[in-house]
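Undergrad: Here is how the chains run, residue by residue.
Number of protein chains: 4
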Amino acid sequence: MEINGVEIEDTFAEAFGIQVSRLLVTAATKKLAKIAATEATGYGTSVIGCPAEAGIDRYVPPEETPDGRPGYIIMICNMNKGKLDHELLERVGMCILTAATTAVFDALDDEEEKLKTGQKLKFFGDGYEKKLEVAGRTIFSIPLMSGDFLIEGELGIKSGVAGGNIFILAENQAAGLLAAEVAVDAIDNVPGTITPFPGGIVASGSKVGSNKYKFLGASTNEKMCVTLKDEVEDTQIPADVNGVYEIVIDGVDEESVRAATKAAVEAAVKVPGVLKISAGNFGGDLGAYKIALHDLF
Amino acid sequence: MEINGVEIEDTFAEAFGIQVSRLLVTAATKKLAKIAATEATGYGTSVIGCPAEAGIDRYVPPEETPDGRPGYIIMICNMNKGKLDHELLERVGMCILTAATTAVFDALDDEEEKLKTGQKLKFFGDGYEKKLEVAGRTIFSIPLMSGDFLIEGELGIKSGVAGGNIFILAENQAAGLLAAEVAVDAIDNVPGTITPFPGGIVASGSKVGSNKYKFLGASTNEKMCVTLKDEVEDTQIPADVNGVYEIVIDGVDEESVRAATKAAVEAAVKVPGVLKISAGNFGGDLGAYKIALHDLF
Amino acid sequence: MEINGVEIEDTFAEAFGIQVSRLLVTAATKKLAKIAATEATGYGTSVIGCPAEAGIDRYVPPEETPDGRPGYIIMICNMNKGKLDHELLERVGMCILTAATTAVFDALDDEEEKLKTGQKLKFFGDGYEKKLEVAGRTIFSIPLMSGDFLIEGELGIKSGVAGGNIFILAENQAAGLLAAEVAVDAIDNVPGTITPFPGGIVASGSKVGSNKYKFLGASTNEKMCVTLKDEVEDTQIPADVNGVYEIVIDGVDEESVRAATKAAVEAAVKVPGVLKISAGNFGGDLGAYKIALHDLF
Amino acid sequence: MEINGVEIEDTFAEAFGIQVSRLLVTAATKKLAKIAATEATGYGTSVIGCPAEAGIDRYVPPEETPDGRPGYIIMICNMNKGKLDHELLERVGMCILTAATTAVFDALDDEEEKLKTGQKLKFFGDGYEKKLEVAGRTIFSIPLMSGDFLIEGELGIKSGVAGGNIFILAENQAAGLLAAEVAVDAIDNVPGTITPFPGGIVASGSKVGSNKYKFLGASTNEKMCVTLKDEVEDTQIPADVNGVYEIVIDGVDEESVRAATKAAVEAAVKVPGVLKISAGNFGGDLGAYKIALHDLF
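The listed protein sequences derive, respectively, from chains A, B, C and D. Mapped onto the working numbering, the consecutive letters of the first sequence carry residue numbers 94 to 390. Mapped onto the working numbering, the consecutive letters of the second sequence carry residue numbers 94 to 390. Mapped onto the working numbering, the consecutive letters of the third sequence carry residue numbers 94 to 390. Mapped onto the working numbering, the consecutive letters of the fourth sequence carry residue numbers 94 to 390.
Hints may contain errors.
Identical copies carry no separate label here, and so any pair may be met within one copy or between two of them.
[Stated by the list, open to error] Below, simulated DSBU-like cross-link-like pairs (lysine-lysine); rule was C-alpha separation at most 35 Å, straight line:
#1 Lys383 with Lys363
#2 Lys355 with Lys251
#3 Lys383 with Lys316
#4 Lys322 with Lys251
#5 Lys369 with Lys213
#6 Lys305 with Lys207
#7 Lys213 with Lys316
#8 Lys174 with Lys369
#9 Lys176 with Lys322
#10 Lys124 with Lys209
#11 Lys355 with Lys124
#12 Lys363 with Lys207
#13 Lys207 with Lys369
#14 Lys127 with Lys383
Honestly, the hints are just simulated from the structure, not real lab data.
Please take these sequences and the hints and turn them into a complete structure.
TA: Here it is as structure tokens:
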């Protein structure tokens with residue numbers, strides 16, 4: 094299958110179940126909301142080594158937020174509900190409550206469960222906290238040095254999907270990188286999804302385990318390394334490919350991850366020098382979701 | 094004592110010992126280096142609840158870096174060497190190695206010890222990693238999908254100082270916030286220091302423990318809360334103060350934290366509406382360092 | 094009249110007719126589109142001294158543009174059609190055609206006239222230009238060193254409104270500045286409007302002519318200068334006001350300027366330290382439009 | 094000649110004399126200084142169609158500026174002194190004086206002449222302006238709505254050099270674009286130089302006149318157009334080149350332009366996919382300066 098002259102490999106992305114939270118972080122200005130959202134979602138590329146997978150979903154203009162201020166929706170995810178509970182508490186408490194002029198609201202429509210993040214953080218008020226209603230929501234107001242921090246009492250979580258992905262194979266690193274940036278711009282507009290890696294782009298693909306070092310849980314996928322294509326016998330890198338980047342997508346459900354994957358492919362193939370689109374999987378036995386690239390079109 | 098007509102309170106900031114690492118993250122472009130540096134230093138405001146204290150120290154132009162590419166120096170800190178070792182491994186491995194076109198070099202001149210971050214991460218290469226010399230440094234080259242990631246074998250750590258701080262008391266929130274931004278701009282240029290909170294600014298000060306909730310380790314410092322000044326009897330907020338922000342400073346040594354504190358005070362007092370500069374301490378019994386504001390001038 | 098405890102003065106903004114163009118600038122990435130849009134709308138605060146009034150209206154995501162790439166809508170305005178024709182030609186030809194990967198499309202729905210900007214710029218192709226249809230539009234493709242530049246043959250213009258405005262009076266400069274930023278964030282989302290001054294904010298208000306220097310067409314409005322309030326007898330600055338900023342709004346029609354003015358007032362009054370909202374006029378004899386603040390609510 | 098395996102063509106950039114001004118724009122914050130500097134240097138890519146060539150030279154930290162605030166040095170250039178005088182007056186008066194919290198200082202060490210920009214703009218104060226000494230400079234303070242605007246009375250100009258350039262020929266557009274960004278990052282650090290085109294990058298090269306349209310002063314350089322390489326008989330585009338970008342450099346003197354050109358070449362050749370570096374000239378008869386690429390190394 095080809096789109097815009099670029100081969101779309103007949104393969105699938107293997108994705109996994111994950112517990113997802115989705116919060117709206119508002120502030121006095123768009124810039125201040127972005128600062129808090131960025132700090133709270135940092136160190137959150139993959140649960141392989143980070144305490145969460147996290148990212149910014151989208152900007153929400155003032156007239157669409159409960160407090161009439163500009164905001165960013167962020168997503169914070171973990172496989173484990175207990176760990177997600179901890180991450181919400183610390184990321185909100187240490188990175189948003191501490192940030193200038195912020196407030197936090199739940200932004201999940203169809204939650205399966207509620208975590209009591211706000212009800213726990215309110216204790217920081219040491220008895221001076223207050224319970225309010227804002228736009229029909231139960232909110233706690235916690236007095237701080239700089240003013241009051243508002244947070245919704247409960248934040249929803251639900252079963253979402255992590256590890257949706259595409260591989261962009263290009264004739265050089267620059268074309269792969271530009272196509273990846275183009276793809277991330279396209280995903281930006283798909284609600285309910287994030288691309289948790291730095292700038293949305295992954296430079297390194299890994300395989301499960303290691304051939305040489307038995308103590309490793311994951312190691313470089315040598316068959317997909319462009320600088321090893323002449324060295325590794327069963328390389329999967331075509332001779333004319335010299336740059337490969339991956340986009341990893343987490344979403345609130347399979348549908349949103351599929352929509353983001355489709356948008357990413359359609360955007361990436363527009364960049365001259367992109368030769369092939371593929372996806373990463375582990376044979377299909379590990380993940381609950383299989384997103385076949387050809388099925389998207 | 095007054096500077097520019099603003100009262101500088103006769104008090105001191107109480108700071109603590111912390112283990113500090115300082116890394117240079119380079120990339121093909123200034124923008125790509127910033128993306129990696131930001132991801133790796135996120136979720137890093139305070140070790141009270143974050144797994145590290147982390148931030149960007151400064152930009153380094155291409156002609157001053159070992160690989161001739163633009164870069165940012167970042168600092169990652171933890172009280173505990175074992176935890177710092179873990180954080181370096183995961184923050185570099187998950188947030189910089191995975192980012193497009195990056196490399197990592199040690200940026201500490203006077204380390205007391207070396208952590209083997211690069212020597213451990215090299216195993217990700219599954220035998221395809223290579224040892225190189227770059228500008229007199231021992232570097233490992235790890236093949237990735239997108240090309241090779243370079244990292245120095247050992248990264249230095251040393252005993253540094255955390256929790257240097259000033260309080261900016263202003264007639265309203267906006268003046269406090271602008272003065273805090275002005276102070277962070279001034280600190281930006283003091284080498285060996287970071288301001289780990291979101292945008293460098295802290296909206297919330299805390300006290301040890303809680304009066305009401307015995308299970309809490311820290312709670313809001315009600316005596317410093319502007320919205321409680323009429324409610325709390327022994328408030329420390331003057332009647333005309335309606336906005337208070339704190340700047341927290343971590344540094345490679347006491348001297349750098351003192352220089353940053355001085356620069357922050359001199360910058361903040363220039364903003365009209367700033368009424369007083371103070372600092373936070375716990376009576377002086379907890380921290381190893383006492384930075385008296387009056388001694389700086 | 095008060096909103097959120099802030100006095101809204103019973104006055105009106107006096108606005109003027111202006112010829113408006115509205116273009117969509119797309120590029121490979123959001124970042125590249127922003128770079129081109131910024132260059133093309135620079136040096137465009139007021140036709141008093143700039144060759145045009147210009148600014149960015151809004152971001153348009155890839156799936157809503159004719160070429161499926163991210164873009165920014167910009168507006169370029171001048172009182173005089175001939176001068177607007179010149180400005181379109183030079184700003185598009187020198188600042189967008191020269192920028193990496195860009196294309197230009199008309200973004201005015203209800204134009205009164207068409208300027209032949211694309212039909213003129215196509216000659217730059219020196220005979221190698223081509224005529225295409227893209228999404229039902231007549232487009233010229235002009236070969237450049239880096240690839241082909243696409244531009245719609247004709248760009249619409251219409252009679253719009255310039256000089257809508259509010260004054261934000263605050264207890265200090267910082268509160269005025271923060272409120273102005275908050276107001277600009279709110280206007281960002283009103284389609285068909287721009288705030289052409291730097292960052293959308295005006296630090297200087299002027300009066301027609303000069304009392305002292307007869308050769309001047311405009312001079313500082315001393316009655317509105319905060320640092321002159323004790324010196325100028327008939328000052329309009331209340332004793333407690335120490336910072337005043339203006340927002341100037343241009344729009345495709347009076348309705349959009351009114352909507353932006355309303356959004357700006359509602360946003361600005363939320364910032365503590367804002368004491369009063371006013372607006373600028375010249376007695377009502379000069380401009381065709383009077384936007385009374387009280388009528389907006 | 095080859096650097097890093099990339100052919101450096103044995104040719105020269107032909108550059109021209111131009112009148113250069115160099116100003117320091119300071120503000121309360123780094124962000125506010127950047128906003129003003131950007132507005133004042135917009136619509137300034139080339140004097141072929143823009144009223145000036147203009148750009149940001151470099152950031153200057155607070156402790157190195159006359160007023161102890163962060164600032165950006167900008168350069169504004171024109172072939173003609175009278176036009177430069179006009180541009181300084183309007184760009185400073187309309188785009189910096191009007192911007193929040195700014196001040197303007199001369200930043201040229203070896204001026205040949207002084208323009209009275211500040212002495213003229215002071216009249217805007219309508220008699221309320223004041224003359225001050227700041228760090229040994231004669232400064233005028235002009236009262237505005239938001240506070241006082243400070244500007245040095247005289248701004249230096251000198252004979253500089255415009256149109257220094259390199260061409261980056263790459264196997265695709267993305268590699269050319271990435272290399273151009275890398276080159277601009279490298280030039281950023283050469284004091285006394287700007288890259289006036291959008292983002293520092295030129296997508297379009299032109300030749301003098303036109304073969305087909307006799308009324309044109311300049312038209313596309315079809316021999317350098319990648320999409321015409323199969324159509325134009327005497328194309329200069331090698332078969333494997335599919336993306337060409339140009340960097341244009343203006344500087345305070347030939348030495349600074351040469352230093353920037355050298356830094357640009359050394360940076361660009363590091364990007365995989367870059368095949369050749371060349372430069373633009375008109376045979377050597379038009380410009381006063383010939384910067385031979387091979388002489389730089």
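Undergrad: Take the hints in turn and mark each one as holding or not.
TA: Evaluated hints:
1. Lys383 with Lys363: Within one copy, since 25 Å is at most 35 Å while 39 Å is not.
2. Lys355 with Lys251: Cα proximity of lysine 355 and lysine 251: one copy only (23 Å, versus 39 Å across).
3. Lys383 with Lys316: within (21 Å within a copy, 49 Å between copies)
4. Lys322 with Lys251: Answer is neither; intra-copy 41 Å and inter-copy 41 Å both fail.
5. Lys369 with Lys213: So lysine 369 and lysine 213 pass the 35 Å test across copies only (33 Å; inside, 49 Å).
6. Lys305 with Lys207: Close across copies (26 Å), not inside one copy (44 Å); limit 35 Å.
7. Lys213 with Lys316: Classified as between: cross-chain Cα gap 22 Å, same-chain 48 Å, threshold 35 Å.
8. Lys174 with Lys369: Cα proximity of lysine 174 and lysine 369: none, with 37 Å in one copy and 45 Å across.
9. Lys176 with Lys322: neither (39 Å within a copy, 37 Å between copies)
10. Lys124 with Lys209: within (28 Å within a copy, 38 Å between copies)
11. Lys355 with Lys124: Classified as both: same-chain Cα gap 30 Å, cross-chain 22 Å, threshold 35 Å.
12. Lys363 with Lys207: For lysine 363 and lysine 207, the Cα distance is within 35 Å only across copies (31 Å; inside one copy 42 Å).
13. Lys207 with Lys369: neither (42 Å within a copy, 42 Å between copies)
14. Lys127 with Lys383: Both, since 33 Å and 34 Å are each at most 35 Å.
In this structure, the earlier hints numbered 4, 8, 9 and 13 are contradicted, and the remaining ones agree with it.
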